[in-house]
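> Add chain Z with the ligand to chain P, keeping to what the hints say.
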Amino acid sequence: MVKANKARISELEEMIQIVLLAIPREISAREFYLSAVAKATSDASRTMFLNLAEQEKGHEIWLRKILNDLKTELGGLKSKN
Amino acid sequence: MKKDDLKEYTGKDGKPAYIAYKGKVYDVSKSKLWANGIHMANHKAGQDLTANIVMAPHGEDVLKRVTLVGELEDKEPDLQIPPDIQLQVNIKEKYRQLYKKFHPHPVLIHNPMGLFVFSALMQAIYILSKDVSFERAAFYSTIFATLTTFPAILSGLFSWWVNYETTFTKIFKAKIIFSAILCVTSIIVCLLRTLIPNIYIEEGLLNIIYNSLIFLNVGFISYVAYNGGKITWPS
Ligand code: HEM
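From first to last, the protein sequence lines stand for chains P and Z. Take the first sequence: its position 33, counting from 1, is numbered 33 in our numbering, and each next residue is one higher. Take the second sequence: its position 33, counting from 1, is numbered 33 in our numbering, and each next residue is one higher.
Treat the hints as calculated values from the structure; they're not laboratory data. No residue lacks a Cβ here, since even glycine has one placed at the ideal position from N, Cα and C.
A short, non-exhaustive set of chain Z residues, derived as facing chain P with CB atoms under 8 Å: (1) Gly59; (2) Asn163; (3) Tyr164; (4) Thr167; (5) Lys170; (6) Ile171; (7) Ile231; (8) Pro234.
List of simulated lysine-lysine pairs, DSS-like, C-alpha gap at most 27 Å: (9) P:Lys57 x Z:Lys75; (10) Z:Lys44 x Z:Lys64; (11) P:Lys65 x P:Lys6; (12) Z:Lys75 x Z:Lys22; (13) Z:Lys15 x Z:Lys2; (14) Z:Lys3 x P:Lys65; (15) P:Lys65 x Z:Lys24; (16) Z:Lys101 x P:Lys57; (17) P:Lys6 x Z:Lys173; (18) Z:Lys2 x P:Lys65; (19) Z:Lys44 x Z:Lys32; (20) Z:Lys173 x P:Lys65; (21) P:Lys78 x Z:Lys173; (22) Z:Lys30 x Z:Lys15; (23) P:Lys57 x Z:Lys94; (24) Z:Lys44 x P:Lys57; (25) Z:Lys15 x Z:Lys64; (26) Z:Lys30 x Z:Lys44; (27) P:Lys65 x Z:Lys75.
Away from chain P, derived, C-beta distances all over 10 Å, residues of chain Z: (28) Thr10; (29) Lys24; (30) His43; (31) Arg65; (32) Ile91; (33) Pro104; (34) Ile187; (35) Asn211.
Bound conformation, chain P alone:
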């Protein structure tokens, strides 16, 4: 039981690190696409970049949600030990 907990804790910590490092990437990807929107010369490309920017925002929200869940689970496990 305790061993299983330990394994899960290190798994969670690993996941948290991955998700954490991914978030700033999504943010800068979004900002990059938004700057591309400003530079786009046609409506079609503007729409495309806007869509891409929107998706990055979605990824960021999703990652934050996952991060929150992981942190909650980790907190729960650690307080049990």
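Okay, now just chain Z with the ligand, sitting in the frame of chain P:
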């Protein structure tokens, strides 16, 4: 329609497939992409999929192609963020923009990194050549290395706060612990050499400690920097 009613429309066993999105209910039964009520092996009919759109490679415009059948009565209220938290978020966003513009951490770390290495190199040349001008160079560059370590660390902590919500992970633990060790050891080197000016010629334990720390500092700062690289270049 209520959420509980929606659950019935799973698209399985010949039932229609309904999905909810932002309070509206759509019939996706006719779509080939929703055969058996399952979309892309991941999203199931009979549910509110508002949050799932972020995983999709498409936007909400695809919903124009399916039939709107009604409204969800008990949709989740839109998330309201309390004003004080909103204010904090805004302030942090302002700092994040500033950080992005000036990126102080990668700017400031090069001073201590260069100086600690330079100091060790000078000390090594002194030990080999016994030319005291190299010993002086080693001492003075350790002083400047120590002084410039603090802005480097503070900017790192600042970035950790604005970009990574001060979350402890292996990488950040390693950076913080070894930065702290580096602060202590570099101050010890400065103090030893200031309080015992002959430490570099008087043979004995203190001399060994003094020399060892000068070289160890290079190891400590390299390890902190190596972990920093893992943040910007994750493998
Ligand atoms: C003397 C001490 C330190 C040195 C020499 C150092 C060195 C580095 C290096 C070489 C990078 C990679 C930069 C790049 O690829 O552009 C980096 C990144 C980073 N370091 Fe440090 N670091 C130090 C202390 C700290 C501390 C105490 C923290 C806080 C926990 C920290 C947080 C970060 C963060 C968040 C990054 C990602 C890049 C960024 O946000 O700008 N560092 N560090």
